[in-house]
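With the sequences and hints as input, model every part of the structure.
Protein chains: 2
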Amino acid sequence: MAKIQHISPLAPEKFPELPVIRGVEFAAVEAGVKYQGRKDVMLARLASGTALAGVFTKSSTRAAPVLDCQSKIGLDSDDGAAIIVNAGNANAFTGKNGTDATYAVTSAVADCLDLPESRVFSSSTGVIGEPLQHSRITSKLLELKENLSDAAIQDAADGIRTTDTFAKGAGIEISLDGQIVRIAGIAKGSGMIAPDMATMLVYIFTDARVDRDVLQSMLSELTETTFNSITVDSDTSTSDTLLLAATGASEVEVGAESAAFRDALHGVMLDLAHQVVRDGEGATKFLEIEVTGAASQEDAKTHALAIANSPLVKTAVAGEDPNWGRVVMAIGKSGAPADRDRLAIRFGDILVAENGWVSPDYHEDDGASYMQNQDLKISIDLGLGKSQSTVWTCDLTHGYITINADYRS
Amino acid sequence: MAKIQHISPLAPEKFPELPVIRGVEFAAVEAGVKYQGRKDVMLARLASGTALAGVFTKSSTRAAPVLDCQSKIGLDSDDGAAIIVNAGNANAFTGKNGTDATYAVTSAVADCLDLPESRVFSSSTGVIGEPLQHSRITSKLLELKENLSDAAIQDAADGIRTTDTFAKGAGIEISLDGQIVRIAGIAKGSGMIAPDMATMLVYIFTDARVDRDVLQSMLSELTETTFNSITVDSDTSTSDTLLLAATGASEVEVGAESAAFRDALHGVMLDLAHQVVRDGEGATKFLEIEVTGAASQEDAKTHALAIANSPLVKTAVAGEDPNWGRVVMAIGKSGAPADRDRLAIRFGDILVAENGWVSPDYHEDDGASYMQNQDLKISIDLGLGKSQSTVWTCDLTHGYITINADYRS
Numbered sequence: 001m002a003k004i005q006h007i008s009p010l011a012p013e014k015f016p017e018l019p020v021i022r023g024v025e026f027a028a029v030e031a032g033v034k035y036q037g038r039k040d041v042m043l044a045r046l047a048s049g050t051a052l053a054g055v056f057t058k059s060s061t062r063a064a065p066v067l068d069c070q071s072k073i074g075l076d077s078d079d080g081a082a083i084i085v086n087a088g089n090a091n092a093f094t095g096k097n098g099t100d101a102t103y104a105v106t107s108a109v110a111d112c113l114d115l116p117e118s119r120v121f122s123s124s125t126g127v128i129g130e131p132l133q134h135s136r137i138t139s140k141l142l143e144l145k146e147n148l149s150d151a152a153i154q155d156a157a158d159g160i161r162t163t164d165t166f167a168k169g170a171g172i173e174i175s176l177d178g179q180i181v182r183i184a185g186i187a188k189g190s191g192m193i194a195p196d197m198a199t200m201l202v203y204i205f206t207d208a209r210v211d212r213d214v215l216q217s218m219l220s221e222l223t224e225t226t227f228n229s230i231t232v233d234s235d236t237s238t239s240d241t242l243l244l245a246a247t248g249a250s251e252v253e254v255g256a257e258s259a260a261f262r263d264a265l266h267g268v269m270l271d272l273a274h275q276v277v278r279d280g281e282g283a284t285k286f287l288e289i290e291v292t293g294a295a296s297q298e299d300a301k302t303h304a305l306a307i308a309n310s311p312l313v314k315t316a317v318a319g320e321d322p323n324w325g326r327v328v329m330a331i332g333k334s335g336a337p338a339d340r341d342r343l344a345i346r347f348g349d350i351l352v353a354e355n356g357w358v359s360p361d362y363h364e365d366d367g368a369s370y371m372q373n374q375d376l377k378i379s380i381d382l383g384l385g386k387s388q389s390t391v392w393t394c395d396l397t398h399g400y401i402t403i404n405a406d407y408r409s
Numbered sequence: 001m002a003k004i005q006h007i008s009p010l011a012p013e014k015f016p017e018l019p020v021i022r023g024v025e026f027a028a029v030e031a032g033v034k035y036q037g038r039k040d041v042m043l044a045r046l047a048s049g050t051a052l053a054g055v056f057t058k059s060s061t062r063a064a065p066v067l068d069c070q071s072k073i074g075l076d077s078d079d080g081a082a083i084i085v086n087a088g089n090a091n092a093f094t095g096k097n098g099t100d101a102t103y104a105v106t107s108a109v110a111d112c113l114d115l116p117e118s119r120v121f122s123s124s125t126g127v128i129g130e131p132l133q134h135s136r137i138t139s140k141l142l143e144l145k146e147n148l149s150d151a152a153i154q155d156a157a158d159g160i161r162t163t164d165t166f167a168k169g170a171g172i173e174i175s176l177d178g179q180i181v182r183i184a185g186i187a188k189g190s191g192m193i194a195p196d197m198a199t200m201l202v203y204i205f206t207d208a209r210v211d212r213d214v215l216q217s218m219l220s221e222l223t224e225t226t227f228n229s230i231t232v233d234s235d236t237s238t239s240d241t242l243l244l245a246a247t248g249a250s251e252v253e254v255g256a257e258s259a260a261f262r263d264a265l266h267g268v269m270l271d272l273a274h275q276v277v278r279d280g281e282g283a284t285k286f287l288e289i290e291v292t293g294a295a296s297q298e299d300a301k302t303h304a305l306a307i308a309n310s311p312l313v314k315t316a317v318a319g320e321d322p323n324w325g326r327v328v329m330a331i332g333k334s335g336a337p338a339d340r341d342r343l344a345i346r347f348g349d350i351l352v353a354e355n356g357w358v359s360p361d362y363h364e365d366d367g368a369s370y371m372q373n374q375d376l377k378i379s380i381d382l383g384l385g386k387s388q389s390t391v392w393t394c395d396l397t398h399g400y401i402t403i404n405a406d407y408r409s
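For the record, the sequence lines run as chains A and B. Quick note: the first sequence uses my numbering, first residue 1, plus one each step. Quick note: the second sequence uses my numbering, first residue 1, plus one each step.
For the record, the hints were derived by calculation from the structure and aren't laboratory data. Treat the hints with care, since some could be wrong.
[As the list claims (entries may be wrong)] So the derived label-pair ranges between C-beta atoms look like this:
#1 K96(B) with Q372(A): 30 to 38 Å
#2 S135(B) with D339(A): 54 to 62 Å
#3 S369(A) with G383(B): 49 to 57 Å
#4 R262(B) with D365(A): 49 to 57 Å
C-beta: ideal position from N, C-alpha, C; glycine also.
In structure tokens, the structure reads:
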């Protein structure tokens, strides 16, 4: 098994103070699903009337719990709900056994909390292809239920880690017409445990009252510019899951038109997405790629992701090399339209290339000096239109190879 | 500048004995374009009546010499022709200066060899964004002309290397209805020089007489299953160029229907393509990915390339880890159709997974032992149809990071 890394050099100083979300309680326990001596199962109980929305991996080989969540997420219900998550075993590529194991967990949670089984959502993350020892989870349900507390969100963030080097949380309290609404979320991702993918799991909670359809469309839209705009290594997990629960316990109604709520939610999602990148395997640099001047937003994102996923760009960043030639290469290969002679490339505020060539004012020393920063920005203006896209990634280092080339057993 | 690597552990024992192609002469010289103390410019002169075909990078930021070749390759002519190639400077992203530099070289070659300028094809490989000192090339043309020899193909292969760790050549002699036809080719690629891409340049020659349209369609078709079926790091050069010249000097006519010639050409192309992979940056393993049972050939190739380009699969191979879970992940993310429960995965002859789960007969020790081989094969049957695709790649190692994260200046 790969060893737990040291804490990422890009990690925040500490887990943030998060607001308490009325209508949600958390608990986490040591269930020994795979790991010993740490919490590895998290339960969240959601009050009656909670609306749920979700976004899931597009993988065609997605895991049993993902398929189960997808079948339930669109159902209307006034019942309470629950989210149960285990680390250590992904219950992925486990055939019919996987479906049975998921049902064993969700139906046991439903019995324990007196909920319909259709209101219990589960995720599993960890080893692929090994049967999930579901009784290790279900035998801990009473203990989880007894420990439920609205103050235990950090425990929950800890309980869903695999080899994440830090627990990830973000939250905000906003005032809507004088009434307080709170949003808080937790995430895991990018700390790897062999032989798995950097599975990303995200759970966000708010005490606002939001219609389920509105909640889903807001989540889907904001995912595009947050979690779907980050990449560590271009690989996609079979288990990626993002759930958003609105308990309504604040009794503050939020509609599709509420820009303040949308902005607050976007802020929490972006904060968590950035934390996932900051825990990228072996990461030593946090990199923002901004593409402007595109004919369409889709083109802009295609270019931005081509740059962010290019091994040659990512190794150059690791080497603190202001290698704009590799940025030109990545734009060229992306498949989206680009005109070599209209490109402008900036590293931070430094104009590096324009009009199809290196800028006459550019000095390599300036670029090299800029690349020594821990947080970097590369901007490309295509000069073709008015659309833009921003994505975030990390560098590709010896640390990535060490983590992922270690033999798993 | 990145240091020249040691010779790849996957390199062939030596440069092969290649047949002499009647109607082609080669020369290479030290021009000091960038490197010192080695040959860095190659000239090939082609007899009157030579038909030429070409395939080029699809990059939208391709280099000036590529654009120039593309504008000439479709022209009919009975004149002789020439190919001039320099290493050390890619003449890419050099604006109008790049176009002028290309013309300075091609027109000087045309004068020197008494050819129309439209029959001179050039390539440049090396540093991006620096002006090409074309006079260093043109001042050597007389020397090149004096040294032209039909036996100097290995010199030519040496002269186009950047940091390739070995010179690449392949050839064959076949008998068509009792008459001898010869094919020989040289290539460079995947040995990197910072800050460049693993530019691939390939030149193949035959003394068969082939109609230009037939030659082009044969080349385009065979490129799909050879050079377009290899990948080192998913990055695409701004300079990739493949030229095929048929001199006709054997006076053996070859038509579109000649399976023997097509097979021979395919063999030479595949051999050169494999050599490029075997010189992949930091490569320690040669990996064949075969996808069968696809609904279409395109689907099969999409899956095969998703696996071949996955950093998690490539690091697992580097770590000699039979990590079939990552293969499942890569299939899932490829975007092409797959049914988790119909997949069969083999490492060599070992059945690893089937029916949506690990095979009951699979023992991890067998997989681990297989992965210690230097040449590896991973086969996936999708169980959906009858189409197939095979691609080749190498592993992703600390060597790749070291080569590409080195600071370039």
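Structure-based check of all given hints:
In this structure the hint that K96(B) and Q372(A) lie 30 to 38 Å apart at CB holds, the actual value being about 34 Å. Range check, S135(B) to D339(A): about 30 Å between beta-carbon atoms, so the 54 to 62 Å window is missed. A hinted range of 49 to 57 Å holds for the C-beta pair S369(A) and G383(B), which are about 55 Å apart. Checked against the hint of 49 to 57 Å, the pair R262(B) and D365(A) passes, with Cβ atoms roughly 54 Å apart.
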